[in-house]
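Enquirer: Protein chains in written order, with this note's numbering: chain B, 1 to 531; chain H, 1001 to 1360.
Incorrect hints may appear among the rest.
To be verified - Below, computed lysine-lysine pairings styled on DSS-like, alpha-carbon distance capped at 27 Å:
#1 B:169 - H:1263
#2 B:281 - H:1290
#3 H:1263 - H:1247
As the list claims (entries may be wrong) - Okay, the calculated beta carbon distance ranges per label pair:
#4 B:223 - H:1005: 51 to 61 Å
#5 B:380 - H:1093: 51 to 61 Å
#6 H:1080 - B:486: 52 to 62 Å
#7 B:344 - H:1222: 31 to 41 Å
#8 H:1125 - B:367: 24 to 34 Å
#9 B:486 - H:1042: 35 to 45 Å
#10 H:1080 - B:485: 51 to 61 Å
#11 H:1129 - B:382: 49 to 59 Å
#12 H:1315 - B:203: 28 to 38 Å
#13 H:1222 - B:341: 30 to 40 Å
#14 H:1030 - B:448: 50 to 60 Å
Simulated from the structure, these hints should not be mistaken for lab results. Nothing here was measured: the structure is a model prediction, and the numbers come from that model. Positions of the beta carbon are idealized from the N, C-alpha and C atoms, including for glycine.
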Amino acid sequence: MTNTIEDITTAADVIMLIGSNPEEAHPVMGMQMRQAVEHGTKLIVVDPRDIGLSAQADIHLKLKPGTNVAFANGMMHVIIERGLMDRDFIATRTEGYDDLAKLVADYTPERVAKICNIDERDLVAAAELYARAGAAAIVYCLGVAEHSTGTDGVKSLSNLAMLTGNYGKPGCGVNPLRGQNNVQGACDMGAQPNTLPGYQKLSDPAVRAKFSEAWMAPISEHEGLKSTEVMNAAAKGEVKGLFIFGEDPMRTDPDIGHVAHALSTLDFLVVDELFLTETAKMADVVLPGRAYAEKEGVFTNTERRVQRVRKAVEANPGTRDDIWIFTEIMRRMGYDQPHLTSAQVMDEMASLTPSYAGMSHARLDTEELRGRGLQWPCPAPDHPGTPILHVGKFSRGTGLFAPAAYRPSAELPDGEFPLVMMTGRVLAQYNACAMTGRTEGCNEIVGESFIEMNVADAAARGIADGDAVLVTSRRGQIRSRAHVSQKTNAGETWMPFHFQDGNANVLTSDALDPTCKVPEYKVCAIEVAKA
Amino acid sequence: MSNENLVHVTIDGCEVCAPAGETILHAALRANIQIPRLCALGNDAGVGMCRVCVVEVKGQDALVTACNTPVAEGMEISTHGERVEASRRMSLSLILAEHGLNSTNYCFSCRKNGDCQLQAVCNALGVTEPAYPIPAQDKPHRDSNPFLEFDPNLCIRCQRCVVACNERACNHTLHTAKRGARLTIEAPFGPDWDTTGCESCGCCAAACPTGALIEKRRATYRSWEVEPTLTTCPHCGVGCQLELLVKDNRVVDTRAYHGASNKGLLCVKGRSASFDFVRSGDRLTTPLIKNHDTGEFEPASWDDALDLVARRFTELREEYGGEALAAFACSRSTDEDIYMLEKMARTAFHTNNVDNCARV
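Working from the sequences, and respecting the hints, build out all of it.
Expert: Dropping the structure here:
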């Protein structure tokens, strides 16, 4: 996030929520957004479903899944046409405006309304509301990212914020709600094939030299494969050995049939886990690691806020700290890694990562930072951290408009598979239920697979609310239960991906965004029939 | 803040500057002067229901409730004294008379015993026994929600739960019914709880000063048996701050902490589903090696398992190069774990095929 939860929910005049259902996926953010709306903040919801917050929204654009880029371009078209852009901001802080203006000129409200299946008056009203606000924040989530056009969707939202000067002050910005507790940290730490810690580029020889020297080992200059590409390479026999730490792709990756084939084709699979998950069952060796309550460390939240995780209980002596496990493997493979405590690992990381350089467990444990942590960039031990990014200037200097044309989703409905399926989360469960499913009360609240479908689609198939159904895509078939309502538009369906008794990811498409290789979880073509 | 918006008052002889509109209670708290209270929650004004926070204002005949009386220029406020304390004791006696003490055998069987603010305030003000006969109460509990229950017999009508649900969580499923002395709390935990829109966040229970509205987890421990450890919730990216409450090396409950991102709020996952899995009976407790003849896992020593892992990865690296190896990090784990995994991939596997589950 460029901004903080606090400033978005207290200083924004308008919040535009797009592809995000925080009341279920980020509930405490959802509560604070409800507070904001009740205190007068205007809310625009852009989502193909009726989510809880759309009932409180000033405008709900219930657009067709996969059309975010067209929507954002349409907003910018209206803003430019009506002269509502921030000319000073564009002149002093950005470049590439003319290219943007040229591209969005084609996105008239009439055309966009047709692409997105919305009322053009709502689009114009949303553009007016967003652009006329003193401070307007965009909050988005996987409904923007998890498309084959996800990168374009994010760029388009950034264009929209730059066009209206909504960067670098409280209550504005472009704010992704990161899905998992430490997905921000995982990216920050350089668990990515093209960046080292702190987004230092692998392609930069000086960066490689710095890490080679610090680690006393050569760093390969070949950019690695992204996780979704690793699965494809494994299926082809190009990747032969895989170490999976605490991830369950047999539940959470798209097109599980393909994942099963890829993992079984590997020569050697090691899984470091708490439980014998579906993925662990396929391993050659399973190593029992430790849970967050059994270790010291930090998580980095969606606001770039680095906060402490503290050991509350002693783990079973048969398990090992994950740092110890990785260290032992390094040592046994001939790399002389000393055993370090979690605090020492953070010190080493901070010494190599400018944005974390001012952080340490000792500093985070001071009374002053208790429950607050530090937001990166925090380049020095006396630096207070950075709540809001891009104040005064962007990290690259000027902000570059990156216009993107609308492209349809990779798999569109057709005669055989006429319905679009989206996936998402529900309040009382999390991801593959490895954690929440072990609390019985959560299963009591919601513990079984279901699919939301529109009353018209259900009626056409003779399906009633609560009926058992078979859901089929080009990749597989599952059983589920129909929840029939008006939450989704006709022709559209939605499923949570938590439940193994009817796992939506058997059906999902492995079409990838060309830049960041995120799968298109939010659009695939299916058919539903009464079971 | 400009000077026009400040008022000057004295509290117990101390001069205090307060923003206009602030309550006497909050002005006093900022000056480190404590006033006993039950119905005020955090920074919100109270509803003046419990009348335990009464103070004397010079020139006014009646005592005023500090929690919902705003400061005014020149007020001279006294927070203690015989008249104030007698009034507080009387208010507590009246509250106790309706608190359903018989239903808990005078606190003995109450799950909040030892962690009850009514009990604490009574003790602090010397109210050690009820001044009036306690009528027998046996109103039915509402306990169909999996995590929360409401015992109306113990409710003191302070309405902190109403503030928590409607102004903090903004869920609007917990309400008051009737008025005045007949006021009741309509907690959405009856048999139809799953149709109410209640999110089971438990913010109401965290706000309740007595044992009326509690997390069912309370049945597994007494408040003095647990040690808190402040940590960060392991579920979504909001990063709520919470305390894990530990009894006998087992996490038995959580308590919300007023962190920068959560402001004392938690959701159902953070409050109620962030710790059972830690001691789940199906945790892996020994390395496993698959026997490829039977297809079954067999327990192994750490030395054997790690030697096998290192030997096979080394063989594959030497035969096919580092690009034939890959490692995935866990976005649920700590930065330190992830840094070390990434370092392992690059230095020992000789590959940049390292990623995390951000993409999936």
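Enquirer: All the hints need checking, so say for each whether the structure fits it.
Expert: So, going through the hints one by one against the coordinates:
{"no.": "1", "hint": "B:169 - H:1263", "in the structure": "22 Å, holds"}
{"no.": "2", "hint": "B:281 - H:1290", "in the structure": "9 Å, holds"}
{"no.": "3", "hint": "H:1263 - H:1247", "in the structure": "26 Å, holds"}
{"no.": "4", "hint": "B:223 - H:1005: 51 to 61 Å", "in the structure": "58 Å, holds"}
{"no.": "5", "hint": "B:380 - H:1093: 51 to 61 Å", "in the structure": "59 Å, holds"}
{"no.": "6", "hint": "H:1080 - B:486: 52 to 62 Å", "in the structure": "60 Å, holds"}
{"no.": "7", "hint": "B:344 - H:1222: 31 to 41 Å", "in the structure": "38 Å, holds"}
{"no.": "8", "hint": "H:1125 - B:367: 24 to 34 Å", "in the structure": "31 Å, holds"}
{"no.": "9", "hint": "B:486 - H:1042: 35 to 45 Å", "in the structure": "39 Å, holds"}
{"no.": "10", "hint": "H:1080 - B:485: 51 to 61 Å", "in the structure": "59 Å, holds"}
{"no.": "11", "hint": "H:1129 - B:382: 49 to 59 Å", "in the structure": "57 Å, holds"}
{"no.": "12", "hint": "H:1315 - B:203: 28 to 38 Å", "in the structure": "30 Å, holds"}
{"no.": "13", "hint": "H:1222 - B:341: 30 to 40 Å", "in the structure": "34 Å, holds"}
{"no.": "14", "hint": "H:1030 - B:448: 50 to 60 Å", "in the structure": "51 Å, holds"}
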